[in-house]
Amino acid sequence: MWSTAREVAAGDLVIIWLTRDLAQPLLITPGKELNSKFGVYRHSDLVGIPYGSKVGSRNGKGFIHLLRPTPELWTLALPHRTQILYLADIAFITSWLNIKPGSRVIEAGTGSASFSHSVARTVGATGHVWSYEFHEARAKKAREEFTQHGLDDIITLTHRNVCKDGFTVIDTVDAVFLDLPAPWDAVDHAKKALRTDRVTRICCFSPCMEQVLRTVTALNDAGFTEITMYETLIRPHQVDVVPPLPTIDIIGAQLKQAEARREAKRLRQIANSRQARGEKRKREEPNEEEMPGASTGDQAMDVGAADAADEEMASSHKKSKLSETESLATAVATAAVPSIPAASLESITPTKISLSKAFPEVRGHTSYLTFAVLVPRSTAPDLSEEEEEKASPVLTNRDTAPAESS
Amino acid sequence: MDSGEGPSSVSQPEGTGATKIKLGDTILLRIPSGDIRTLKLEKDSTINLGKFGSFFSNELIDQPYGLAYDITDKKLTVLPPKGLQEVEDTDATNELINDGQAVQPLTVEEIEALKKSGLSASEIIEKQIEQHANFQLKTEYSKEKYKKRKEAKYSKSFSTVIPTLFNVCEYWFNKDPSRLRDIRPDTLSQMLNLASIRPGGRYLAVDDASGVVVAGILDRLGGKGRLITICDVDSPPAYPVVTHMNFSKEFTTPVMSSLNWATADEDYTPVLPSSEPTSGSYKSDAQKTRLNKRKIASNALFQTRDELFNGEFDGLIVASQYDPFSIVQKLFPYLAGSASIVVHSPQVHVLSDLHGKLRDIPGYLGPAITEAFLRRYQVLPGRTHPMMNASGSGGFILHVIKIYDDPNASSVMAHRHKVKKLRAENTSNTGTPTPVQSKTATPSPTVIEDATMTEAEPMKDHSTNATS
Ligand SMILES: C[S@@+](CC[C@H](N)C(=O)[O-])C[C@H]1O[C@@H](n2cnc3c(N)ncnc32)[C@H](O)[C@@H]1O
Chain A
1 MWSTAREVAA GDLVIIWLTR DLAQPLLITP GKELNSKFGV YRHSDLVGIP
51 YGSKVGSRNG KGFIHLLRPT PELWTLALPH RTQILYLADI AFITSWLNIK
101 PGSRVIEAGT GSASFSHSVA RTVGATGHVW SYEFHEARAK KAREEFTQHG
151 LDDIITLTHR NVCKDGFTVI DTVDAVFLDL PAPWDAVDHA KKALRTDRVT
201 RICCFSPCME QVLRTVTALN DAGFTEITMY ETLIRPHQVD VVPPLPTIDI
251 IGAQLKQAEA RREAKRLRQI ANSRQARGEK RKREEPNEEE MPGASTGDQA
301 MDVGAADAAD EEMASSHKKS KLSETESLAT AVATAAVPSI PAASLESITP
351 TKISLSKAFP EVRGHTSYLT FAVLVPRSTA PDLSEEEEEK ASPVLTNRDT
401 APAESS
Chain B
407 MDSGEGPSSV SQPEGTGATK IKLGDTILLR IPSGDIRTLK LEKDSTINLG
457 KFGSFFSNEL IDQPYGLAYD ITDKKLTVLP PKGLQEVEDT DATNELINDG
507 QAVQPLTVEE IEALKKSGLS ASEIIEKQIE QHANFQLKTE YSKEKYKKRK
557 EAKYSKSFST VIPTLFNVCE YWFNKDPSRL RDIRPDTLSQ MLNLASIRPG
607 GRYLAVDDAS GVVVAGILDR LGGKGRLITI CDVDSPPAYP VVTHMNFSKE
657 FTTPVMSSLN WATADEDYTP VLPSSEPTSG SYKSDAQKTR LNKRKIASNA
707 LFQTRDELFN GEFDGLIVAS QYDPFSIVQK LFPYLAGSAS IVVHSPQVHV
757 LSDLHGKLRD IPGYLGPAIT EAFLRRYQVL PGRTHPMMNA SGSGGFILHV
807 IKIYDDPNAS SVMAHRHKVK KLRAENTSNT GTPTPVQSKT ATPSPTVIED
857 ATMTEAEPMK DHSTNATS
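Going line by line, the protein sequences match chains A and B.
Heads up: the first sequence runs through residues 1 to 406, numbered per my numbering.
Heads up: the second sequence runs through residues 407 to 874, numbered per my numbering.
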C-alpha cells in the first residue's frame, strides 16, 4: 500500500494537513510546487523529511503538516466522484462482516473507493478485494488510484454491471458489500460468489427504508439468515477550556456587595445633600466662608436619589443634625460588611476546566446497514448431496469481459 | 491486474478466529432463550444445557462454527437455517380483547399457588396459553410471540456462536459493559480503524478493558507485526476476552509482548533474580533448566524494553482506568511521526480534560472527541422498527496524531501580524522575516476547534443510491 518508510520519498503519496477541515493528497513530484494559501512549498524540499513533520513555507508564510496516508485520512482527502462512506459506517461494516487479514471481499460499486482503501488495508497482502464499478470513467479513475497506491496485488477492479452480469468469482469470498441503488438485484449473484464451506456474510448499504425492505425480502428468498439492520453515526464533541463555573455564593456575595454599595452611596448622598442644604442656608446668610468640596464631591447623584434623599430627610426631620450624621457613618460602615467568601474567591482564580458538548449540527443519517449471514451449505442437511461436487474456487470466464477491463 | 478474476487461491492464515471448532476452544452457545453460555470444549465429556438438553462434547469437534443443532439422545443433528418467519397478518386485531381477566385467566394468586405446587415457570406459561380465552382473537403477531416463547421453552436445541471479534465483544458487552469499560463493538471497530491497525504494523496498547482492545489488535494483525502492551501488574496480564477468540499460540506469541509501568520506564532497571548458579556450576539438571528459563525470560524482557525505547511505533490505543494524559505523555516518545493515538473512556469528562491539555502541546495534531451512536432494527415483514432496548453509550474516543513540531514555522496569521507590526514600528527590516519565537506552537491560521476529522465532510446528496 502506501510507504512505510520513516521519511518522505519522491513518488510517495502524502496527506497535506492544512487545517482540521482541510486535508489534501499530494503526490511528491520533484520539480513541482505546492502553492496554497498556507504558503509555497517545493516538492523537492519535502523529500527526506520524516512523515508527521510540521513544515514551514519557503517564504515564512504559514505551515503545513506532512502526514502518512491512512485509509481514514484518505477518506477525508480523496477526490469525490460519488457519495462516499465515512469512518463510522466503514468501521462497523468491516467489523460485522468479520473482515480481517486474509479475508476475501467483494464490493460494488467502487464509487470513490473510500471503502475500498480501508478494506484493502485490513485484508492485507494475504487477502483480496474484488471491486466492481459500472461507470466507466469512475472505474478508470479508481484503477489509476489503486495502481498509484500500490494496491494492484490486493484489489482487482472490474468494469461491469453486477446487477446484470454478476461477479467474476464463484464460491470464493468471505464477505460481500453492496453500495448500489438496487442491491436486491445483486443478491443472487452474491450468493454464488460467497464460499460454501463456512459462514459468510453480506451487507447492503441503502439510505432509504423502502430499499431495505426489498433487500430483506431478496436476502430471505435467497436463503440468507440472521437478517438484521443497523444505523450508526458519529457524534463529534467540541471542547471549551473555561474558568470553573462561578458558584451562586459568589453571585450572592456580589449582589450583597452591590446592594451595600448602593445603600452606602444613598446614605452618603443624603449626608451630602443635607450638608449642601445647610451650606446653602448658610450661604444665603450674608458674608459666610467658602463652600468646601462642592466641586469635588460626589456629583453623580441622580434625580431619583436626590428625591429619595429629600423624602428621607423629611421623615427624619425630627432628628438633630449631629445625631443624624453619626448614624449615617455607622450605616455606611455596616453596609460594607458582606464580602465574598474566601473559599469561593480562591476557586475562581486558579486553573481552567475543560467542558465538552455535542456539536450543534451533525450528520443525522447516512444509510441503513442491512446484514445477513449464509451458513455453510456443504453441511446443511438438505444440501449434503451437492457437497462433493464443490471444487476449489472456479472462475467464470463466461462472465469475464476482457474488453471492458483493460 | 485486470482479467477481472484476481487470484483464486488466496491462502487463509490459520488461527485467525478459527472457522472450525477445535478441542480446547472456549466456545459460546446460544440457547433457545437467547442467552449465551460459554464453556471450554473438553474431550469425551458431556455438555449440559439444563432444560435445553445435554450432549457429548465430541459431537462438536471439527464442526464449522455458526450452525444450529437439535439435541436428541445426546447426539446432535444440524438444523436447517431459519428464514424470516413470514407471518401473514389476519383480520384479528386486539380490538375485541379486553385487557382484563379474559386475557389472563390466571390471577396473580393462582400463579403463586401454581408456583407453590411445584410447577416450573414454563409450565405456568403453558397453562396460561392453554387457558387463553381469546387466543384466536389475537393477531398473528401476538400469536407468533406466544409460539416463540413456547418454542424457546421446549425445544432442545442451540447454536454455536462464531468467535468473531464483533460477536465476542458483543457477548462481553451484553454480559457486563463495565468490564469492557463500555467498549461496544461499534466503538471498538472505530478505534481499530482510527489507529489504522494493519497486518505487519507495530502498535502499543494499554488495555484495562479485559483485553478487548488487545483481542482487536491481534485479530487485525493477523499474526504479523508487533504489539507491546503495558499493564499495571508484574506478571503477564490476563486478557480474558482474548481467550474467546481462540487464537492459536503461533498466532499470538511471536506478535505480542507485555511490559508494566515499571519495566516500561527507561530510568528504571528491572531487578531480576539471577540466572547464573551462585556456586559457578549448576547443582542439578533441574536447577539448570530453571535458571535457563529465567535467563530466557529476562532476555526477553530486556529485548522488549529495547524495542519499546527504540520507538517508531505506528500507533497507540489506550483504554485505561489511569490518567490518560500520563499514559499518552509517557508513550509519546516511542511513537513514529504521523502515528495515531486513540484513547477511549466511558466518561467524556476524562477526554475533554485530556483534550484541553493536549491542544496546548506542540506534537499533538488535531485532537478530536467523538461518540459512537448505534441503533439496531428488528426487520420482520411489516414490522420493521428500531429495537425497543438499546445500549446507552459505547463510551467516547479521542483521536490525535503525533507530529514533529517545528517551532520556527509560523502561521500565515502570525506572519501578517508581524509584518504589520514591523511597518508600524517603521524599523529597518532586513527583508528576511525572523522566526516567531513562542513557547508553544503558533496556532494554525484557521484552526477550527474540535471539528472532528472523521465527519468534517458535510453530508452530500446520496442520489446515486436512492431508489430508482
Ligand atoms: C455511492 S457509490 C459507492 C461509494 C463507495 N462505497 C465509496 O465509499 O467510495 C455507488 C457506485 O456504484 C456504482 N453502481 C451503481 N450500480 C451499479 C451496478 N449495477 N454495477 C456496478 N456498479 C454500480 C455507481 O456508478 C457508483 O459509482
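The hints are simulated quantities; they were obtained by calculation from the structure and are not laboratory data.
Computed from a predicted structure; not experimentally measured.
Just to be clear, a hint being listed does not mean it is correct.
[As the list claims (entries may be wrong)] Pulled a few chain B residues facing chain A out of the computed Cβ check, cut under 10 Å:
#, residue
1, Ile467
2, Tyr471
3, Phe572
4, Ala703
5, Asn705
6, Gln735
7, Leu786
8, Pro787
Using N, Cα and C, we set each Cβ at its ideal position, and we do this for glycine too.
* To do: Would you list, in rising numerical order, the hints stated earlier that this structure does not obey?
  => Hints 1, 4, 5 and 6 not satisfied by this model.
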